[in-house]
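Enquirer: What follows is each chain in one-letter form.
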Amino acid sequence: MTTVYGATVLEHFRRPRNQRRLERPTVAHEGYNPLCGDRVRVELEIDDGAVRNAAFTANACAICTAAASLLTVQITGASTREASLLSDAAMLAALGGELPPARLACATLPLRAMRTALAALPAPA
Amino acid sequence: MADFIEQIESLRGQERRVAMATLVAARGGSPRPLGAKMFVGEGGRLLGSVSIGGCVDARVVEEGERLLRENRAQRVTVTVDDVEAIELGLNCGAEFDLLIEPVRLDGPDPAVAAYEEATRISRSGRAAFVVTTQEGNDAPGRLVLPDACDVVTAGGFVERIAPADTLVLVGASDVAAALARFATALGMRVVVVDGRERYATRARFGSAAELLVGMPSELVRPHLTAGAFLVLAAHDYKYELPVLRDALRSPVRYVGMLAGRKRADGVRALLRDDGLTEAELGRLHAPIGLDIGGREPEEIALSIAAQLVAVREGKPIARR
Numbered sequence: 092m093t094t095v096y097g098a099t100v101l102e103h104f105r106r107p108r109n110q111r112r113l114e115r116p117t118v119a120h121e122g123y124n125p126l127c128g129d130r131v132r133v134e135l136e137i138d139d140g141a142v143r144n145a146a147f148t149a150n151a152c153a154i155c156t157a158a159a160s161l162l163t164v165q166i167t168g169a170s171t172r173e174a175s176l177l178s179d180a181a182m183l184a185a186l187g188g189e190l191p192p193a194r195l196a197c198a199t200l201p202l203r204a205m206r207t208a209l210a211a212l213p214a215p216a
Numbered sequence: 025m026a027d028f029i030e031q032i033e034s035l036r037g038q039e040r041r042v043a044m045a046t047l048v049a050a051r052g053g054s055p056r057p058l059g060a061k062m063f064v065g066e067g068g069r070l071l072g073s074v075s076i077g078g079c080v081d082a083r084v085v086e087e088g089e090r091l092l093r094e095n096r097a098q099r100v101t102v103t104v105d106d107v108e109a110i111e112l113g114l115n116c117g118a119e120f121d122l123l124i125e126p127v128r129l130d131g132p133d134p135a136v137a138a139y140e141e142a143t144r145i146s147r148s149g150r151a152a153f154v155v156t157t158q159e160g161n162d163a164p165g166r167l168v169l170p171d172a173c174d175v176v177t178a179g180g181f182v183e184r185i186a187p188a189d190t191l192v193l194v195g196a197s198d199v200a201a202a203l204a205r206f207a208t209a210l211g212m213r214v215v216v217v218d219g220r221e222r223y224a225t226r227a228r229f230g231s232a233a234e235l236l237v238g239m240p241s242e243l244v245r246p247h248l249t250a251g252a253f254l255v256l257a258a259h260d261y262k263y264e265l266p267v268l269r270d271a272l273r274s275p276v277r278y279v280g281m282l283a284g285r286k287r288a289d290g291v292r293a294l295l296r297d298d299g300l301t302e303a304e305l306g307r308l309h310a311p312i313g314l315d316i317g318g319r320e321p322e323e324i325a326l327s328i329a330a331q332l333v334a335v336r337e338g339k340p341i342a343r344r
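Top to bottom, those sequences are chains A and B. Using our numbering, you'd call the opening residue of the first sequence number 92 and step up by one each time. Using our numbering, you'd call the opening residue of the second sequence number 25 and step up by one each time.
It should be emphasised that the hints constitute simulated quantities derived from the structure, not laboratory data.
Derived contacts from chain B toward chain A, CB cut-off under 8 angstroms, selection only: (1) 218; (2) 219; (3) 220; (4) 222; (5) 260; (6) 263; (7) 266.
Now the stretches of chain A that chain B is said to cover, found in silico as 3 or more residues with beta-carbon under 8 angstroms: (8) 120 to 126; (9) 145 to 151.
Some chain A residues well away from chain B (every beta-carbon gap over 10 angstroms; in silico): (10) 168; (11) 171; (12) 191.
Backbone N, C-alpha and C define an ideal beta-carbon position, used for all residues, glycine too.
Just chain B, same shape as in the assembly:
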């Protein structure tokens, strides 16, 4: 999940203009959140989606190309009413409102500038709000607000551009390397921590935002913030114990540790001796990940990534 600037940069130089479609309302359920975007390039390139593919995105391509030709913005309603699908019982019965507008990539564009500003704010660790107003065929107007309090009076369609979730990986193992790749693709900001410089390398962690080598328990501490995810992938008590002593008492959102049940119980017992409470120990996900039966680093990383997504989406997690 690339952010807006990354998406635009991947298109710039290849497309002069694109139709930007933003999901502004959904009735009957939507697989994507409001604000989801799809870009339809003048030269035919596609990026992003406002649904999960299928007939809705196909309509966006069609409408996007039309509005690029007409050089105007329009709020378009897409109803999933394919007769054949209805007869087969395969229709989802949803209806989507999309704001589709041409934006320039070969020069200044107010819509691009607004989202770029909001993205820069979110990259600094704060949420930003983009308020879009649009009447008839007029070009949409946009306001970027760094404070939620101002949004109430602004009206229009409001998008919250949240900072990326941070995933802190302690232990630059092969599982961590695979998980860093998955997490980056999921839009997370990955911080890798290890005491060994031969492991925590840019060659192994190309997508990581930060590679930190030193005393892991000290390097991790500034990242133990509310909303952050922490995964101990070292499989070594020398890092696990000192990091967990702090992490399980911090506001961090998720703490998981790569360990079999027996070793995990052993780590819990040592931490209990150190004075951690049952409530604190209960925050530790170990064994980590969803039980999908994989054994290779990528398979284990996939099971962990799936658990992180479930936590992010507020789904209940069965303890293993």
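One chain only, chain A, in its complex shape:
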């Protein structure tokens, strides 16, 4: 039997990491899916070109919430360049399970929110 929710999705949905507000985020962006109503806000604290803290707030489905949780774990400590290069495929692979095509947008919504947030950073001198 295939399952939409792999163990990673279930684990991160039930025990999300970094689900909170940052006191002073350097950049933040709230992404949403206008059809299903998923909403996720990614907040990043950037210091010296690296992601010192990453956090999220979500009113979203299990896949989207798990993806946001996993994303914040993956990018904490990474350089902003490494974070911006994180691909959709890498996120889907990390989530595991058998996501149907209709749910891919849920899985990548946090990633898109993070990219938009990072795009607001001033270009390095």
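Since the structure of chain A is provided, determine the placement of chain B on it from the hints.
Expert: For chain B alone, kept in the frame of chain A given last:
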């Protein structure tokens, strides 16, 4: 249940003067609360009621028209003593005291000004008190007090003009749209919250006081106040879980969720895992509404509206 300003505005421009009848005392029971008002227009228009229609309101029309002609105020006692009704065993045996007074709508009027001031205070979220005194055929005198403490020494007939109850609807579904219409008619102030701007639109929620689009759990938080009613009509856990985590620990008066029994139990189980106590979970009305068997959005909304009224009136609610 329009408030005083809405009632007066609906009459202004159509009537120059109206007789305003206020229920100031009732013996033997009353279907309407003290302070209930009925307006009898010089041009024949009627608005509001001091009973539930029938013989009492008919007497108010008669007395109102007389007092408009005589241009004076009077405290009138209406006894439900219709002989025919008594012989048939259909009389209710009640007696009502009504203050009936002519008020101007085409210019300044002290009674209208007093109630408008009280209504403006209540619209700001605070209760206001109107104290009315009247002797013989004199025009009534009125005092508007924003603080209950001052009422004790004021004497007279006291009306509390309470702020409208707030109904927060999470999920701008068709059931929510129908419920917003019912709730507005019941005098509630409706706040609609959704994450989807295509759903939470003015076209779908014409009567809503506020339409909020964004992160529902955050938008709802300032409205989770004592006395507020919260209905989750999204039928989607993505909004239900984050909103309920806060709502069931808040002083909000009522929390209901659109869900069948099985799904409701599933939501409770997830919230229990999140650390909510049985007492907190016990506050959730799900399935929501009175069981009247309806399936259409309007029918479901009607069952929810009926439950909200029951809660507002302090009636015990059977859990479904």
